[in-house]
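Asks: Since chain W is already given, all that's left is putting chain C on it; use the hints.
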Amino acid sequence: MNVSGAVDQYTVLTGDRSKIKDLLCSRLTECGWRDEVRLMCRNILIEKGTNNSFTVEQLIAEVTPKARTLVPDAVKKELLMKIRTILTEIEEEADEPEDES
Amino acid sequence: MSETGCRHYQSYVKEHSYDTFRVIDAYFAACVNRDARERKAIHCNCFECGSYGIQLYACLHCIYFGCRGAHITSHLRSKKHNVALELSHGTLYCYACRDFIYDARSREYALINRKLEAKDLQKSIGWVPWVPTTKETNLLLANARRRLVRPNQTIGLRGLLNLGATCFMNCIVQALVHTPLLSDYFMSDRHDCGSKSSHKCLVCEVSRLFQEFYSGSRSPLSLHRLLHLIWNHAKHLAGYEQQDAHEFFIATLDVLHRHCVKAKAEHDSKSNSSGSGSGTNSSNSSSSHCYGQCNCIIDQIFTGMLQSDVVCQACNGVSTTYDPFWDISLDLGETTTHGGVTPKTLIDCLERYTRAEHLGSAAKIKCSTCKSYQESTKQFSLRTLPSVVSFHLKRFEHSALIDRKISSFIQFPVEFDMTPFMSEKKNAYGDFRFSLYAVVNHVGTIDTGHYTAYVRHQKDTWVKCDDHVITMASLKQVLDSEGYLLFYHKNVLEYE
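For the record, the sequence lines run as chains W and C. Start counting the first sequence at 1; every next residue gets the next number (my numbering). Start counting the second sequence at 1001; every next residue gets the next number (my numbering).
Treat the hints as calculated values from the structure; they're not laboratory data. What you are looking at is a predicted structure, and each value in this text was computed from that prediction instead of being measured. Here a beta-carbon is modelled for each residue, glycine too, at the ideal position from N, C-alpha and C. All clues given are correct.
Label-pair restraints from in silico Cβ distances:
| id | chain 1 | residue 1 | chain 2 | residue 2 | range |
| --- | --- | --- | --- | --- | --- |
| 1 | C | S1215 | W | K48 | 44 to 52 angstroms |
| 2 | W | T29 | C | E1038 | 25 to 33 angstroms |
| 3 | W | K48 | C | V1149 | 30 to 38 angstroms |
| 4 | W | D35 | C | N1295 | 25 to 33 angstroms |
| 5 | C | E1424 | W | K48 | 46 to 54 angstroms |
| 6 | W | S4 | C | M1472 | 50 to 58 angstroms |
| 7 | C | R1208 | W | S4 | 54 to 62 angstroms |
Straight-line alpha carbon distances no greater than 25 angstroms define the calculated DSS-like cross-link-like pairs of lysine-lysine that follow:
| id | chain 1 | residue 1 | chain 2 | residue 2 |
| --- | --- | --- | --- | --- |
| 8 | W | K82 | C | K1425 |
| 9 | W | K82 | C | K1123 |
| 10 | W | K21 | C | K1115 |
| 11 | C | K1425 | W | K76 |
| 12 | W | K82 | C | K1119 |
| 13 | W | K77 | C | K1425 |
| 14 | C | K1490 | W | K21 |
| 15 | W | K21 | C | K1119 |
| 16 | C | K1425 | W | K21 |
| 17 | W | K76 | C | K1490 |
| 18 | C | K1405 | C | K1344 |
Calculated from the model, a selection of chain W residues having no Cβ within reach of chain C, i.e. all distances over 10 angstroms:
| id | residue |
| --- | --- |
| 19 | R42 |
| 20 | N43 |
| 21 | L45 |
| 22 | D73 |
| 23 | L80 |
Chain W extracted, bound-state conformation (with noise of 0.2 angstroms):
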């Protein structure tokens, strides 16, 4: 399995993942890009949601490119921060009943 994969099973297994969901999640609304993205949505709701065709996936596809350069660097930061931390701990742990045998 590739490191990505190992990281992602790790994180999963630990809670770590779901915490770090929930920063994000902290983090997003504070800032402010929870209201930006949801005025987003409903602005272009308004303006082609009309005709009934028009599916929360054309929306996710239309939404999504914006929606990621709205979110503040400060706060891509802080997460890359996080995940390190959480993974150097994992390392230290995983190192230290080798040092012992």
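Replies: Relative to chain W, chain C alone:
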């Protein structure tokens, strides 16, 4: 109107019941325990490309996981399956409708799973947007008039008459009224007074005060009823002498807290006597008089936990005790050790407060590990922080030799991250950022003087409250003031 999903989901539920949804949600969306996390980590990857990708869907008709987009939709199309569960948020998706669907009962089950997950991981439950209940929706519809709060509006500001050296009370009331969490509580009418004689209840009086503050009237208020109630409940404050604002603050919290405990006990005993007796712990809660035990609004907002570690110098054994606190009192005088430095900032004061202190040879403590009397060090740290942290700068020094006021300037920040002072610094998820929202100042000498308060009225708008006079103030004025009591509010709240 409750949400019932779509007709495809309804017929799915009729055929398969909610069981599959509940199990899949509990194991792969919310992960309610370690077993669930293990199963998710091992089995939950896309059947098409093997990715553990960020957005996986689980088919609710058969055993299948697939990435968002082509992988899951091609499965649903070819197998003629309709309903899938999006696993990172736990949202239901209907392929026939090409849309996310919302079903009230599924949501209830999902919420139970989220709570179990939060409990298992010892975290707070993730942020969920407010959804009004039927009762709230009806209330909103019935009261269509809204009051729009614009910048520069004075609603929420009232001057307070000085009833004869009662500025100590006025400034504390101003600080309390401008505490966001406390005003949320009282403005949403959450205090349900158990006692029939509500004119004797201090919480009811505070509740009434909030109504007065936000009534839109601009004339100064008189707090004689509040003062009278405090006098009745905290005898040491009775009389017309000048009082200490800090002492009044703590006494007010104490009286409010006791009222809440009493109201809750009465409420419990009433509901117990009418219903079946499930109240084995209600007798405990009413008898527990010390604070930090109950869950009243005062404790929820103001109570934190102080950790004190006593380390034995002989065997390095640590004995740890926890004590609840409502405020943190900080020394301003010269330190006796470390070359007699005087603290210049709030951070200095806190570093001093949380520094390991040698207890000396005269104060030997029996160590519980090595069972002998040994010299030891003692260190405070903050185990949990309340939503509102108040600092009390000990400007009034009473010693055997001299009573004096320390007027030295102590710099304090607007935004304050308390992480360095926590017991567990390694907790990667704690958020301990606070912002300043009220400052109580004392001008004058130790014997006679006057209290004023700066309070944050709106974001970046500060006002000075000097009894009945309310004036605009700049942040600079606030930060340049001497500072006696400093009130900080938590930026990000966590939910149970």
